[in-house]
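I would like the entire structure built from these sequences, with the hints used as guidance.
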Amino acid sequence: MQQFEYASPASLNEALSLLGSKWGETDVLAGGTDQISLMKEYLHTPKRVVNIKGIKELHGVHHSPQGMRIGATTTFDELAMDKALAAEYPSLVTAVLGIASPQIRNMGTAGGDLCQRPRCWYFRGGYGVLALQDGKSLVPNGQNEFHAIFGGGPAYFVSPSSLGPALIALNAQVKLVSASGSRMVPVGKFFVSPQNDQSREIALMPNEILTEIVVPPARGVKNTTYEVRHKDALDWPLATASVALTMKGSSVGSARIVLGHVAPTPWVATQAEQALTGKSLSDDVIAQAADAAVADAKPLSQNVYKVQLAKVAVKRALMEAAGRA
Amino acid sequence: MATTTITKTEKLVGKAMRRQEDPRLITGSATYVDDIQMPGMLHACILRSPHGAANIKSVDIAAALAHPGVAAVYVGKDTEKVGPVPCGASLPGLRVPHHYVLAIDRVYFIGHPVAVVVATDKYIARDAVDLIEVEYETLQAVTDPEKAIGPGAPPVHPEWPDNVAFNYHQEGGDVDTAFAQAEVVVKQRITSQRLIPSSMETRGVVADYNTGDKALTIWSSTQIPHLMRTLVAQMLGAPEHKVRVVTPEVGGGFGSKLNVYAEEALMGFVAMKLGQPVKWIESRRENCMCTIHGRGHVDYFEVAAKKDGTILGIKLKLIQDLGAYHQLLTPAIPTLSVLMMPGLYRCQNVRADIVGAFTNAVPTDAYRGAGRPEATHGIERMVDILAAELKMDPAEIRLKNFIHNDEFPYATGTGLSYDSGNYAAPLHKAMDLIDYHNLREEQRQARSQGRLMGIGLSTYGEICAFGPSPATPAGGWESATVKIEPSGMVTVMTGSSPHGQGEETTFAQITADELGVGIDDVIVLHGDTAIVQYGIGTFGSRGTAVGGTAVYFALQELKKKIKKYGAMLLESEEVSFSDGVCVDHKTGKSVTLAEIAGASHRAMKLPPGTQPGMVETYFWEPPNFAFPFGAHAVVTEVNRETGDIEIKRYVAVDDCGNIINPLIVAGQVHGGVVQGLGQALWEQAVYDDNGQLITGEFMDYAIPRASMIPWIETEHTVTPSPVNPLGVKGVGEAGTIGCSPAVVNSVVDALSTLGVRHIDMPMTPEKIWNLMEGARA
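Going down the list, the protein sequences come from chains L and C.
Just so you know, the numbering used here puts 105 at position 105 of the first sequence, and the rest follows in order with no gaps.
Just so you know, the numbering used here puts 270 at position 270 of the second sequence, and the rest follows in order with no gaps.
Honestly, the hints are just simulated from the structure, not real lab data.
Wrong hints could be hidden among the right ones.
Claimed, not checked - Distance condition first, Cα-Cα at most 30 Å in a straight line; then the derived DSBU-like pairs of lysine-lysine:
| no. | chain 1 | residue 1 | chain 2 | residue 2 |
| --- | --- | --- | --- | --- |
| 1 | C | 483 | C | 560 |
| 2 | L | 47 | C | 122 |
| 3 | L | 136 | C | 57 |
| 4 | L | 189 | L | 83 |
| 5 | L | 175 | L | 56 |
| 6 | C | 767 | C | 187 |
| 7 | L | 136 | C | 147 |
| 8 | L | 279 | L | 222 |
| 9 | L | 53 | C | 122 |
| 10 | L | 40 | C | 122 |
| 11 | C | 563 | C | 586 |
| 12 | C | 429 | C | 648 |
| 13 | C | 483 | C | 564 |
| 14 | L | 40 | C | 57 |
| 15 | C | 563 | L | 298 |
Next up, the structure:
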């Protein structure tokens, strides 16, 4: 690990004043579950690390008639323990509890989940977000069993965020604050597929801090998450689906279906949403929606299986939403 | 002398007792290597090769040396005279590469040690490692053993371009006739993948050199303190009597610590150079990269049989992935597979050919079962394949071929003598427990509903209790000293080196029964060469069968002495000793063990020809191995959508001879089964074509978690071993050996309706799904 300057400010303003204007100068530290390993592996070599865990206003879950605000440094365990959250947003709770292990859930934070770097082993091996060697991506002909089946190119990693798909399905926004002001960004726009080797996979600017997540009310919205994972251990899921359905009587009024771990960003399955709208949640309709979710999948040489898993995730998330899990 | 009431009658052997060692383990008061702190202690960190194969053009240590807090940096040239890292196994024509403790001019695998940095704390040492500049010229690596011995492969060691470390042939009976007479021959390529042993505690060494005494003390997390002392002394050119090896608490070994590694000698070298204590603790990634791996077999099996299922002959071509070097027992492991290849079956006609292949990978060596899981997996798969070919029930074909009860001791075609057995008994018990016949009916119904349900059996045997010295490198005996202190309290010193097997408890149970004392009146010491007489160690399921027997015989010697003192104190010709008292039955007078022990130490009077004190030492040489066996039965169901395998029931019926502590035996079976499930379902060490280990941490190497493990139902049959007076056989590895074939047989059975005949491990959901897709296509 490279030597760095460490700051642990007590106020957001002070924290913002300590940030640099370019990536690489300063890093924000919250739970540290990803940040520390990035630094140990020399993938991040910040000159200054700004710990935001001492900033009280960034912490905690707040409920109001306008919805829920989740402070950036709220831990996964705190999210899982929040009864009001569990009642209204089961899709988020499932996503949170899928994060292994208890130790990680005690340390890791909601903001960190959205800001964590890709798990792609080429990225972790120092080849950058596009996994480039001699200007060409190593992924299409390489070890790509865990890589993107949607939206691949030029980036092929998959978004590692556990909360992202559920937050997008719930139409949540994030608040990004810099010394010169703040902006609200829909979570769906927060994740971006980097087009060059220097850009990031999130819309956050180097001088900004993600301070909170704002989730609209979801009473009456059937929202579920299903994660396919092969080992109940320290790992990320292979494919997930988060759904949020507003019902009109016994048929679906509007549907949001977002896949996780299948693309460089959480992936909105528009065709699956269309396949559901106006229909009742019969087994056939669910099967059609699951098929539609992966109709446009473009698997790589070693990850055809992920297409099947994404389909299964959509099916099982919908079955649960239909009360037939 | 007072007439004492006899209070101690309850026998402890056979009783399920909690372990004596557990309070310190579960309250955090145990001392592991990393807990050792010494004044002035330095910390070492090792620079390791990032390449599978490369020439070292230059190493620049200037920046690392200049880093504040760095005490020393050593490279290969500095340690050229240390070592080599020893290989204890010998085979005819074995090629043994010189295994330097630090690479000199070439690296042979990812993680190969290149330099060591010693600093005032571990963080400085780690940072300074990054300041060493090594110029490598990368070379083509080869990590697949079949490719390595094939045409055009890059040589791992340039002096042996064919990458063949040895060829080994073994034959029994008349194989050619057996195959000529066969009515059916089944063939299958079966692999046992590379596995990372993954002990909970990684390796670690503290070395301290007393410059005045010229004496070196090494604390190491090892299974073999005495052998380590002998071998490390040799590696360092240090006189053996001035080297002391201490094993503090050892957090698991599974065979990976049945070894002497470069780091033990390297830390000794550093401590002797600097005259300061030094500590090195292996990181988890180093453990994955640099501690031995297990398995690494490619087996080509052929089985000849009659149409009624009678097995006539077995052929095996075995390619063993050795890695780049021989560690302590590397080349010997596949020879154990050959010894066990007929399993429990009456087949004398066997032929095996092993090719030991060098690869650019960390050496393979003993890992829980060491050669026997591979053999059992092979024969148990082949028997199922034969049964499928002949449309026979897998239980029926096994029962037909088992060695009969009246044939023991049974001389195998591979030269072993199976000590005792009743092979049908655990199979029948397992089938009863799992309700085999109704299960088959249930399976028919499941299949009619389109569900993929499987039932798998394995009937395993294993070589345990290593072993007769002629068959075990460095000796196969074990030692014990039993002392009765002046107060009557008992100290047992065993040459075994238990590290999770619970022998501080089982040996205390044996001792308590023989001496008629309470279990808390006994302490079992081990793992310090300055305290304990020379011993061999704990591995190969030998702890109780060999080490426990040595304790038993030391106790018999001690009881003779106790009776002599008892007779003297009671002024009697004839006394008996039981339940902690010597009794003269003519007079009814008695004297307690404590009184006898006190008298023997005060030595006011001595029985004729008897020395003062109350100590006996016994070195026991076993006349044979012991051969446990058992049957595992597994019910699985495969998810059609995802290929996930659900284990619905797991029944393990083991026969490890007499059982000293059923609780510990159950724990050993559970642990073994978990590691077997790991191999069957999840674990695989994967190197890419460049020699990069891509499963170098627990993110990518899937050891099982508790929540992934099914309920394991354990039962036993008891067939005592005639090899030792305790009648015990050994159980440490049984679970692992019995497990993987039972699970694979079950899943193959589940998919047999789709035409699946064999699946290699690990049976990942993706692999299963692809098989199902292939069957659909």
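Verification of the hints:
Taking the CA atoms of residue 483 of chain C and residue 560 of chain C, the gap is near 13 Å; set against the 30 Å cutoff, the hint holds. For a cut-off of 30 Å, the pair hint linking residue 47 of chain L to residue 122 of chain C stands: about 22 Å separates their Cα positions. A distance of roughly 29 Å separates the Cα atoms of residue 136 of chain L and residue 57 of chain C; the hinted pair therefore holds under the 30 Å criterion. For the suggested pair residue 189 of chain L and residue 83 of chain L, the alpha carbons sit about 29 Å apart, so the restraint of at most 30 Å is met.
Distance check on the hinted pair: residue 175 of chain L and residue 56 of chain L sit about 16 Å apart at the alpha-carbon level, within 30 Å; holds. Pair hint residue 767 of chain C plus residue 187 of chain C holds up; C-alpha atoms about 22 Å apart against a cutoff of 30 Å. At most 30 Å may separate the alpha-carbon atoms for a hinted pair to count; residue 136 of chain L and residue 147 of chain C meet this at roughly 28 Å. Our distance criterion of 30 Å between C-alpha atoms is met by residue 279 of chain L and residue 222 of chain L, whose separation comes to about 15 Å.
For the hint pairing residue 53 of chain L with residue 122 of chain C, the CA-to-CA distance comes to about 27 Å; that is within 30 Å, so the pair holds. Simply put, residue 40 of chain L and residue 122 of chain C have alpha-carbon atoms about 14 Å apart, close enough for the 30 Å limit, and the pair holds. Taken as a hint, the residue 563 of chain C and residue 586 of chain C pair is honoured in the structure, with Cα atoms around 15 Å apart against an allowance of 30 Å. With a C-alpha separation of about 18 Å, the suggested pairing of residue 429 of chain C with residue 648 of chain C holds against the 30 Å cut-off.
Restraint check for residue 483 of chain C and residue 564 of chain C: satisfied, since their Cα atoms lie roughly 16 Å apart, inside the 30 Å limit. Taking the CA atoms of residue 40 of chain L and residue 57 of chain C, the gap is near 27 Å; set against the 30 Å cutoff, the hint holds. With a CA separation close to 84 Å, the supplied pair residue 563 of chain C and residue 298 of chain L exceeds the 30 Å bound.
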